[in-house]
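Q: In this note's numbering, the protein residues as written are 3 to 257.
Calculated from the structure, these hints are not laboratory results. Here a beta-carbon is modelled for each residue, glycine too, at the ideal position from N, C-alpha and C. Hints are not guaranteed to be accurate.
As the list claims (entries may be wrong) - Computed spacing ranges between beta-carbons, pair by pair: (1) Asp108 - Asn173: 18 to 24 Å; (2) Gln250 - Lys124: 35 to 41 Å; (3) Lys154 - Asn37: 41 to 47 Å; (4) Lys130 - Thr95: 17 to 23 Å; (5) Gly145 - Lys98: 42 to 48 Å; (6) Phe256 - Lys98: 18 to 24 Å; (7) Lys67 - Ser228: 38 to 44 Å; (8) Lys34 - Asp218: 21 to 27 Å; (9) His36 - Leu214: 23 to 29 Å; (10) Ser121 - Lys257: 41 to 47 Å; (11) Ser121 - Asn61: 23 to 29 Å; (12) Asp177 - Lys213: 22 to 28 Å; (13) Thr95 - Lys254: 24 to 30 Å; (14) Lys247 - Asp64: 28 to 34 Å.
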Amino acid sequence: MIFKKKKKKIGLALGGGAVLGAAHVGVLRALKEHNIEISYIAGTSIGAFVGAFYAFGKNWEDINKIASELKWIDITGISLSRYGLLSNEKMGTLIKKHIGDQKLEDAKTPLSMIATDVSNGKKVVLDKGSVAKGAMASSCIPGIFNPTTINKKMLVDGGIVENVPINTVKNMGADYVIGVDLNAKHSYGKPGNIVDVALNSFHFTLMAAAKLQTEDADLLIQPDLSKFNRSDMSQVNDLMEQGYKDAQKALKSFK
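Sequences are here, hints too, so could you generate the full structure?
A: Below, the structure written as structure tokens:
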């Protein structure tokens, strides 16, 4: 009797990291070149944004084109809310522009996004409802962006509870998880502006928890993003190349 080797159900966990998220595109390119088929995707913050495009059939080249044409003003707007200085509603509009007004449950590849319920600090896994609103909720950095309300819950950035959603993608059904941590090798220099101050402060609080969370990955990709700035969108192409290069190295150990 001949037994067929069971095909791995591979999950991809895309972590948060603001503009550093362009490195995710390079990782997707490397996965494609290694013919690694992804069965489940979970994303936090910018990882949810990139994951949304990928889960609805956009390839790495499509996503790279979208990212390369973006400016900070394209995804933010001034807000008059007492909860945040900026709105990331334009991020939702951008998603609708490129994949339509889709529902998470209709993704070609099963997709979950991570957010935090700001009223109790609990993790919220979004796997149903609006893709655009889910991505907005997952990337609402507290104090910078307005929270997004979904099902009467006021939601903010998922990085607070699970910045690299390894556990979430395992719970989706993955038996092998590839995690992408954008922060592990990022260095923190003197902030250049108020956005840098806020982003640095926010990510400082995530580092210890993320280190523990990523230990459960079967393969962990940690691009060396030490020379890059979290808010400078002119670096997008270089970030993509760095993500690609470091993913290629990490994937040599893929089994």
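Q: Now, for every hint given, state plainly whether the structure supports it.
A: Hints, verified against the model:
1. Checked against the hint of 18 to 24 Å, the C-beta distance between aspartate 108 and asparagine 173 comes to roughly 20 Å, which is consistent with it.
2. The supplied range of 35 to 41 Å is met by glutamine 250 and lysine 124, whose beta-carbon atoms lie about 37 Å from each other.
3. For lysine 154 paired with asparagine 37, a C-beta distance near 44 Å keeps the hint of 41 to 47 Å intact.
4. Taken as a hint, the range 17 to 23 Å holds for the pair lysine 130 and threonine 95, whose Cβ atoms sit roughly 21 Å apart.
5. Checked against the given bound of 42 to 48 Å, the beta carbons of glycine 145 and lysine 98, roughly 26 Å apart, lie outside it.
6. In this structure the hint that phenylalanine 256 and lysine 98 lie 18 to 24 Å apart at CB is violated, the actual value being about 34 Å.
7. Look at lysine 67 against serine 228: about 26 Å separates their beta carbons, and that is not inside 38 to 44 Å.
8. The hint said 21 to 27 Å for the Cβ distance between lysine 34 and aspartate 218, and at roughly 25 Å that hint holds.
9. For the pair histidine 36 and leucine 214, the supplied restraint of 23 to 29 Å holds, since their beta-carbon distance comes to about 28 Å.
10. A hinted range of 41 to 47 Å for the beta carbons of serine 121 and lysine 257 is consistent with their spacing of about 43 Å.
11. A hinted range of 23 to 29 Å is violated for the C-beta pair serine 121 and asparagine 61, which are about 38 Å apart.
12. Between aspartate 177 and lysine 213 the Cβ separation comes to about 23 Å, which falls inside the hinted range of 22 to 28 Å.
13. As the Cβ distance of threonine 95 to lysine 254 is approximately 39 Å, the hint placing it in 24 to 30 Å is violated.
14. Between lysine 247 and aspartate 64 the CB atoms are about 21 Å apart, so this pair departs from the stated range of 28 to 34 Å.
When each numbered hint is compared with the structure, violations occur for hints 5, 6, 7, 11, 13, 14.
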